[in-house]
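> First to last, the sequence lines map onto chains G and H. Per UniProt numbering: the first sequence = residues 1 to 223. Per UniProt numbering: the second sequence = residues 1 to 223.
Among the clues, some could well be false.
No copy is singled out in the list; a pair is fine if it fits within one copy or between any two copies.
Here are the simulated DSBU-like pairs of lysine-lysine, each with C-alpha atoms no more than 30 Å apart in a straight line [said to hold, decoys possible]:
1. Lys133 to Lys49
2. Lys26 to Lys68
3. Lys49 to Lys68
4. Lys26 to Lys133
Simulated from the structure, these hints should not be mistaken for laboratory data. Quantities reported herein were computed from a predicted structural model and do not represent experimental measurements.
Number of protein chains: 2
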Amino acid sequence: MSETAVPTGPSNGMSRREELLAVATKLFAARGYHGTRMDDVADAVGLNKATVYHYYASKSLILYDIYKGAADFTVDALHDDPSASARETIYHFTRRLLVGISSDIERAAVYFQEAPYITEWFTEEQVAYIREKETQVYEHVRDVIDRGIASGEFYECDSHVLALGYIGMTLGSYRWLRPHGRRTAQEIAVEFSTALLRGLIRDEAVRHDSPLGADQADARSGG
Amino acid sequence: MSETAVPTGPSNGMSRREELLAVATKLFAARGYHGTRMDDVADAVGLNKATVYHYYASKSLILYDIYKGAADFTVDALHDDPSASARETIYHFTRRLLVGISSDIERAAVYFQEAPYITEWFTEEQVAYIREKETQVYEHVRDVIDRGIASGEFYECDSHVLALGYIGMTLGSYRWLRPHGRRTAQEIAVEFSTALLRGLIRDEAVRHDSPLGADQADARSGG
Chain G
1 MSETAVPTGP SNGMSRREEL LAVATKLFAA RGYHGTRMDD VADAVGLNKA
51 TVYHYYASKS LILYDIYKGA ADFTVDALHD DPSASARETI YHFTRRLLVG
101 ISSDIERAAV YFQEAPYITE WFTEEQVAYI REKETQVYEH VRDVIDRGIA
151 SGEFYECDSH VLALGYIGMT LGSYRWLRPH GRRTAQEIAV EFSTALLRGL
201 IRDEAVRHDS PLGADQADAR SGG
Chain H
1 MSETAVPTGP SNGMSRREEL LAVATKLFAA RGYHGTRMDD VADAVGLNKA
51 TVYHYYASKS LILYDIYKGA ADFTVDALHD DPSASARETI YHFTRRLLVG
101 ISSDIERAAV YFQEAPYITE WFTEEQVAYI REKETQVYEH VRDVIDRGIA
151 SGEFYECDSH VLALGYIGMT LGSYRWLRPH GRRTAQEIAV EFSTALLRGL
201 IRDEAVRHDS PLGADQADAR SGG
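All chains should be built: construct the whole structure from the sequences, respecting the hints.
Structure representation (structure tokens):
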């Protein structure tokens, strides 16, 4: 990976495009997309603007790469093992989401901070792609809650409203989650899932002893 | 309130300053603070720019008025009846918050959308005022959860993490809450509080019969 004559080359195994994306993500998170110019990105990454445009023909394509990465990651974090209980499915999704968010807080911040304005910057096809992923995530959570209600695992509740509340609680954690904070992302996932699932689970013994499902013991020890 | 010769005057009981604030809030919510100019505000409210500057000497003072209004509202919504149970306190706070947010979605949207950047626009004193209110809200929620744990009303849990999760779940609802949506803000408060409090309450009978506290019946009927 060494690029002897190029002092601005990446030094940590990232491709130059990845490095550019990482630097732009940090700038967008701190100053906003609207408040960051391509010149700022070029300066921060130590490339001239022509080289930046070689990798990304426009600033909005950088933003779209950030968005697509975050949306694809969230969909990939969905747990679709049909043999798992509803509580296990929710717990595992929460864990993957929080660990993922804590590994790239800036990406999550850009995603949520720019959300009200993306129709200004993205093409219709790009917006449609993001909306489709968001719908998949929402419907997955709602359907898991519905499955838990149907099987008697969960109380009757409004799965639509609770799915939205759950998404706000977990994804909104980018505001305060820190990779080296007092509690790890894994521990926070256990706290959130335990409280939320204890609120949904009907059976008193399950609720008390294993609200996160069969692999509760692993979860508590961080496995 | 009639102002016969002034066609641009307010017509709905709002003072001109209030009208200006409401119009600016809508613009900031849709385009972002950075993407809205004082000219846009003047045009939208139908005043010349000098008149706008008479009410607000700078754009950042409009933003601060929006921020202060939202922060003061949230602190006022704290329920400080010391005789109430922890579950009642949380339920009433949730209800007031969601009803308040649904009555002014744009204000909540501006508050959260601009949060990462306010140190750029506000004076140190202004930032300190907002941060103090936010700390009051966070500490109130954490303390109520701690009170519930201490009295045996709630399970042991990490009140810090759950207070942050609760705030994300309730305040984050501005993203999808609609004043005339399928469910009212009051109904959503009941759904959120029931799920969250059922997750915290230890006692099986309380949890099943009255997770929102003594005035549960009122709550369900929207009172």
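> Tell me, please, which holds for lysine 26 and lysine 133 at an alpha-carbon limit of 30 Å: within, between, both or neither?
both (23 Å within a copy, 28 Å between copies)
> 30 Å Cα cut-off: does lysine 26 pair with lysine 68 within a copy, between copies, both or neither?
both (16 Å within a copy, 28 Å between copies)
> Evaluate lysine 133 and lysine 49 at a C-alpha cut-off of 30 Å and name the case that applies: within, between, both or neither.
neither (32 Å within a copy, 43 Å between copies)
> Between lysine 49 and lysine 68, at a C-alpha cutoff of 30 Å, which is it: within one copy, between copies, both, or neither?
within (23 Å within a copy, 41 Å between copies)
Checked against the numbered hints given earlier, this structure breaks only hint 1.
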